[in-house]
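Take the sequences, apply the hints, and build the full model.
If you want the building blocks of each chain, they are given just below.
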Amino acid sequence: MASKLRILVPVKRVIDYAVKPRVNKAMTAVETAGVKHSMNPFDELSVEESVRIREKKRFPGGVEDICAISAGPPKAADVLRTAMAMGADRAIHVELKDGEEMEPLTVAKMLKAAAEREKSNLVILGKQSIDDDAAQTGQMLAGLLGWPQATQASKVEFGENNSITVTKEVDGGVETVKAKLPMVVTTDLRLNEPRYASLPNIMKAKKKKLDKVGLGDFGLTNEPRLKVLKVTEPAPRQGGGKVEDVDGLVAKLKELGAL
Amino acid sequence: MFPAARRAVARHASRVIGAAPSLASRAYARSRLLSTLAVLEQRDGQLSHGSLSAFTAAKKLGGTVHGFIAGNSVASAAQEAAKVEGVEKIISVDNLSYEKGLPENYAPLLIENIKKGGYTHVIAGHTAFGKSVLPRVAAMLDSQQISDITAIENEATFVRPIYAGNAIATVESSDTIKFITIRGTAFAAETPGSGSAAIEAGVDPKSEPISEWVSEDLAKSDRPDLATAGKVVSGGRGLKSKEEFDKVMLPLADALGAAVGASRAAVDSGYADNSLQVGQTGKVVAPQLYMAVGISGAIQHLAGMKDSKVIAAINKDADAPIFQVADVGLVGDLFEKVPELTEKVKGS
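Chain order of the listed sequences is B and R.
Take the first sequence: its position 185, counted from the start at 1, is 185 in full-length UniProt numbering, and no numbers get skipped.
Take the second sequence: its position 118, counted from the start at 1, is 118 in full-length UniProt numbering, and no numbers get skipped.
The hints are simulated quantities; they were obtained by calculation from the structure and are not laboratory data.
It cannot be assumed that every hint is accurate.
Heads up, simulated DSS-like pairs for lysine-lysine below, C-alpha to C-alpha not over 30 angstroms straight-line [what the hints assert, rightly or not]: (1) R:K242 to B:K155; (2) R:K242 to B:K242; (3) R:K240 to B:K20; (4) B:K242 to R:K337; (5) B:K230 to R:K309; (6) B:K227 to R:K115; (7) R:K247 to B:K242; (8) R:K220 to B:K155; (9) R:K231 to B:K254; (10) R:K344 to B:K254; (11) R:K337 to R:K231; (12) B:K254 to R:K337; (13) R:K316 to B:K254; (14) R:K206 to B:K178; (15) B:K97 to B:K25; (16) B:K242 to R:K240; (17) B:K178 to R:K100; (18) R:K220 to B:K178; (19) R:K346 to B:K242; (20) B:K254 to R:K247; (21) R:K240 to B:K155; (22) B:K242 to R:K344; (23) B:K155 to R:K100; (24) R:K206 to B:K180; (25) B:K254 to R:K309; (26) B:K20 to R:K231; (27) B:K20 to R:K309; (28) B:K20 to R:K316; (29) R:K316 to B:K242; (30) B:K254 to R:K346; (31) R:K309 to B:K242; (32) B:K36 to B:K25.
Remember, it's a predicted structure, so these values are computed and weren't measured experimentally.
This is how it looks when you write it as structure tokens:
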């Protein structure tokens with residue numbers, strides 16, 4: 001079965017990784033209004049990897065389609081445009097209301113429906129989003145689809161008969177696993193170095209197709225299973241001041257019982 | 001019941017009662033039905049002691065506690081786990097096909113055993129294994145997992161860091177079966193004692209593998225394991241090269257009996273192995289002593305170490321953010337200060 005790759009790339013709009021998040025006054029969530037947002041860094045790696053698979057002709061049958069998908073508020077369209085400027089062919093925006101959030105399980109159900117509708121045979125996701133830090137969506141999606149999964153990928157290679165070999169970052173080193181398409185892969189930071197979208201490509205991306213749909217189009221409703229009771233700032237840590245020399249350091253560490 | 005477990009339950013109950021009596025009585029009534037499966041890890045038949053943290057968390061929930069272990073020749077690992085006090089049963093599945101913990105066949109295995117045991121809670125470590133397997137299982141049983149928890153408030157309410165530890169969320173789950181991964185550093189691992197849990201063979205669905213384990217390449221080291229070490233010395237971009245990193249950091253680690261960690265900058269520059277990275281995207285550690293050498297202290301790095309008991313920093317930039325969290329800071333050239341420190345530690 002010589003197939004072509006149809007890659008689905010889920011991306012998420014999150015608070016920029018360099019911004020220090022602040023908890024809102026009501027202690028119900030992190031303040032997002034007026035804060036710089038960007039594409040989740042691990043998702044940039046997913047887009048980059050998809051585009052490289054095409055450019056380097058790594059899959060024997062070639063890449064037929066790279067479709068970026070995001071569920072989020074109207075502004076999530078910005079990260080989809082970025083994905084298209086990086087090389088995705090088209091995008092699907094599942095529109096949520098401002099401030100509305102989806103849990104990984106719901107996202108995974110939505111992606112399952114999307115992967116089936118778009119006839120995807122490879123889904124490349126980030127290993128975690130840097131806001132919720134859940135690290136679940138890819139595995140949940142693989143479970144729902146019954147597809148093999150390779151998480152925290154640092155290398156993805158293709159072989160004969162739709163086989164795919166993935167080197168994963170695990171505790172203590174790396175592990176290599178092999179499976180056949182269709183498959184779900186999640187990215188780790190070492191996978192690649194994402195490109196910057198050039199101005200001409202940003203202009204071209206404006207002409208690419210961006211479909212807007214609702215969660216209902218996938219037969220789903222957004223019903224959270226987890227109720228957020230409160231969100232607080234972590235207990236602040238006070239710096240203990242500085243010492244003059246190594247002797248001072250050793251003495252202080254002994255005083256603190258650390259040596 | 002065993003003394004340790006009774007203490008844990010009593011402590012848990014008193015805290016809940018203090019907070020809200022009505023909730024506590026309700027939780028108590030339900031806790032009789034509460035039963036937790038702690039998923040243990042092993043490698044080559046050796047029990048991973050860090051995974052016994054799952055028992056610690058399970059005991060905090062109250063109710064019955066079972067352990068689950070699967071792999072090739074896991075009998076002795078199961079016997080060791082059975083010695084943890086307060087554990088009623090170890091469910092063991094001996095089959096080579098689960099040895100590497102491939103999620104595609106481990107998930108159906110776990111699901112069959114969860115169904116058979118009728119558990120209300122399933123707990124695993126937030127390790128590479130736990131992160132890979134548990135969400136797959138949770139989704140297949142239509143449950144929204146709660147990841148990387150650092151505290152348990154009651155049977156349904158859990159505390160977890162979000163935004164790289166810059167915010168702490170308390171969440172309440174409405175799912176019938178609660179799937180939880182725990183932050184190992186927040187739940188000190190139980191040690192095998194004089195417990196005598198029953199060991200029972202689990203259900204083995206023998207599902208056809210759809211993935212294949214090819215190979216692994218694990219960094220070998222005689223030093224303590226980074227995630228559980230009592231002391232960690234960590235190097236950053238300031239080390240300048242792999243040679244300097246090894247020359248400066250390794251003797252200090254050996255003098256202190258510490259594990260070696262690294263910042264993302266050091267890892268990306270090839271000074272240290274990926275598996276040594278401390279931070280949001282690497283390991284989260286909370287040792288007695290964390291010594292940051294040539295590390296500025298970016299928020300992603302702090303996410304991985306700011307719960308350390310004592311933080312020490314050596315950096316030539318007096319304005320480096322690391323000094324804002326360090327209990328003791330030394331401004332100076334690490335190439336000079338660290339060898340001096342190493343000698344003084346050795347001499348003391």
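Go through the numbered hints given earlier and state which of them the structure violates, listing their numbers in rising order.
none
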